[in-house]
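Trainee: So you can see what is in the structure, the chains are spelled out below.
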Amino acid sequence: METKLYVEDRQIVTPGDVLAEGLDLLPSSGCFRHGNVIKAKYFGIARIKNRYISVVPLSGVYMPRVGDGIIARISDIQATFWICDINSPYDALLQIGAVTDQFVDIAKTDISTFYDIGDVIYAKVLSVTKSKNVQLTMRDYRAKKLVGGRIIKISPSKVPRVIGKEGSMIDLIKNKTGCQIIVGQNGIIWFKGENEALAARALLTIDREAHLKGLTEKISQILG
Amino acid sequence: MKEKEQLIIDGKRLDGRDLMEMRKIEIEINPLKNAMGSATFKFGKTWAVAATHGPRAAYPKWIQNPESAILKVRYSMLPFSTWERSKPGTSRRSIEISKVVNDALSNVIFFDDYPKTMIEVFVDIIEADASTRCAALNAASIALALAGVPMADLVSSCSVGKINGQIALDIAGFEDNYGEVDCAVAMIPHEEKVLLLQMDGIVSKEEFIQMLSIAKEGCAKVYAAQKDAIKQAYRTVEAD
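Protein chains in written order, with this note's numbering: chain A, 42 to 265; chain B, 408 to 647.
So here's chain A without its partners, still in its complex pose (with noise of 0.2 Å):
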């Protein structure tokens, strides 16, 4: 069977374009292997890297995956744990134990003085099963609860283009408008500062022409 390959690295696709033929080929995430073929799932970007085939989607949601950092909202308390909103079809847990290290008598001590609802935290994706169980974790260096500031949402795939390479674009933002920012890889952006207005400004332009080409500089006029 004779290996051939269809489409270019970084080319756009759709449902199910052929991406390749032959078994040499793997299909990574975003594709899967039809017969002798390799077909796209997504209406996105293929990718090759060696022998294998990806394609990265330019929308959906959000699919939580172990060691994210996101940021959560408290939506629900129980006895030992919260349930948090992460943007995403599936809501999360966070178990006490993954918060604080001291002995809570749960007996005696309302957990809401820790989180209550309504806080929005950066936290760490500790476990996903099968069935999309998510548990979150706080004992990461970056996990901390954020206080004040605001909050937008983008579409979770373009969260790689606000980062930029090496971090270029956030970078950016951050010298020109004098704000922190924390960018989650569930879509959803805190930050504060001096210049809020001008910052939000540039991210959510970011949401919207991402797959355009000239971005940085476009970016930079913003940001003046």
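Think of the hints as simulated: they come from the structure by calculation, not from any bench.
Fair warning: there could be bad hints in the mix.
EDC-like cross-link-like pairs, simulated, lysine to aspartate or glutamate; straight-line CA separation at most 20 Å [said to hold, decoys possible]:
#1 Lys-634(B) <-> Asp-50(A)
#2 Lys-440(B) <-> Glu-250(A)
#3 Lys-468(B) <-> Asp-126(A)
#4 Lys-185(A) <-> Glu-250(A)
#5 Lys-173(A) <-> Asp-531(B)
#6 Lys-638(B) <-> Glu-250(A)
#7 Lys-440(B) <-> Asp-248(A)
#8 Lys-468(B) <-> Asp-117(A)
#9 Lys-185(A) <-> Asp-132(A)
#10 Lys-171(A) <-> Asp-157(A)
#11 Lys-440(B) <-> Asp-531(B)
#12 Lys-171(A) <-> Asp-519(B)
#13 Lys-634(B) <-> Glu-49(A)
#14 Lys-638(B) <-> Asp-50(A)
#15 Lys-468(B) <-> Asp-132(A)
#16 Lys-634(B) <-> Glu-599(B)
Small disclaimer: the values here were computed from a predicted structure and weren't measured.
We have chain A already, so just place chain B on it with the hints.
Mentor: Then chain B, alone, in the frame of chain A:
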């Protein structure tokens, strides 16, 4: 019995098309900003708008499937879409079409990727001039792809029929009312998989086989248009 109408004059149809000619296809990508993915699809005067939400948590909770997502499709015709006012809301007809569109789309979506969730598709017919279920299906499959729903392929659909004793592609309103046969076909064109096949009227076996092969060509044309429209919307994608 209906009165016999003259639908083909000098080899041309009433709207000036040849027998194997399709009405003009127009597609608009993401016209609705609040939906996750949306599309309008036009076959001449037939005009469908589809919007997709989800995958999102399925409620009421008892409809959740712990192993896969569920698809909900709602097709409806707006009151002003037809020549005479059609009553808004669900009807026997809209329930049927919602079901067949759901069944056709269910063949291509990877439900296992999003357990416990539901994917909702709303299709409204703004203007009806026959082949509305085909336009609805075409619009819905574009909207799903734009919403980032994992799919094995796009679904393409078109109608074929028999008017004045001759087989014709893409039946328009008047031909539907006064012709002999109207048949809606949805396919994955390059795999030759039929996902929807509905027909009313009487044809011979030979004619039916001929109609299917014509429908296949029509679906291939629709497929090319769908794919082109989706890619055009993001023509200038630049990698990061």
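Trainee: Decide, hint by hint, whether the structure agrees.
Mentor: So, going through the hints one by one against the coordinates:
{"no.": "1", "hint": "Lys-634(B) <-> Asp-50(A)", "result": "holds, 19 Å"}
{"no.": "2", "hint": "Lys-440(B) <-> Glu-250(A)", "result": "holds, 14 Å"}
{"no.": "3", "hint": "Lys-468(B) <-> Asp-126(A)", "result": "holds, 17 Å"}
{"no.": "4", "hint": "Lys-185(A) <-> Glu-250(A)", "result": "violated, 31 Å"}
{"no.": "5", "hint": "Lys-173(A) <-> Asp-531(B)", "result": "violated, 33 Å"}
{"no.": "6", "hint": "Lys-638(B) <-> Glu-250(A)", "result": "holds, 16 Å"}
{"no.": "7", "hint": "Lys-440(B) <-> Asp-248(A)", "result": "holds, 13 Å"}
{"no.": "8", "hint": "Lys-468(B) <-> Asp-117(A)", "result": "holds, 17 Å"}
{"no.": "9", "hint": "Lys-185(A) <-> Asp-132(A)", "result": "holds, 19 Å"}
{"no.": "10", "hint": "Lys-171(A) <-> Asp-157(A)", "result": "violated, 29 Å"}
{"no.": "11", "hint": "Lys-440(B) <-> Asp-531(B)", "result": "holds, 16 Å"}
{"no.": "12", "hint": "Lys-171(A) <-> Asp-519(B)", "result": "holds, 10 Å"}
{"no.": "13", "hint": "Lys-634(B) <-> Glu-49(A)", "result": "holds, 17 Å"}
{"no.": "14", "hint": "Lys-638(B) <-> Asp-50(A)", "result": "holds, 16 Å"}
{"no.": "15", "hint": "Lys-468(B) <-> Asp-132(A)", "result": "holds, 13 Å"}
{"no.": "16", "hint": "Lys-634(B) <-> Glu-599(B)", "result": "holds, 17 Å"}
Checked against the numbered hints given earlier, the structure breaks hints 4, 5, 10 and satisfies all the rest.
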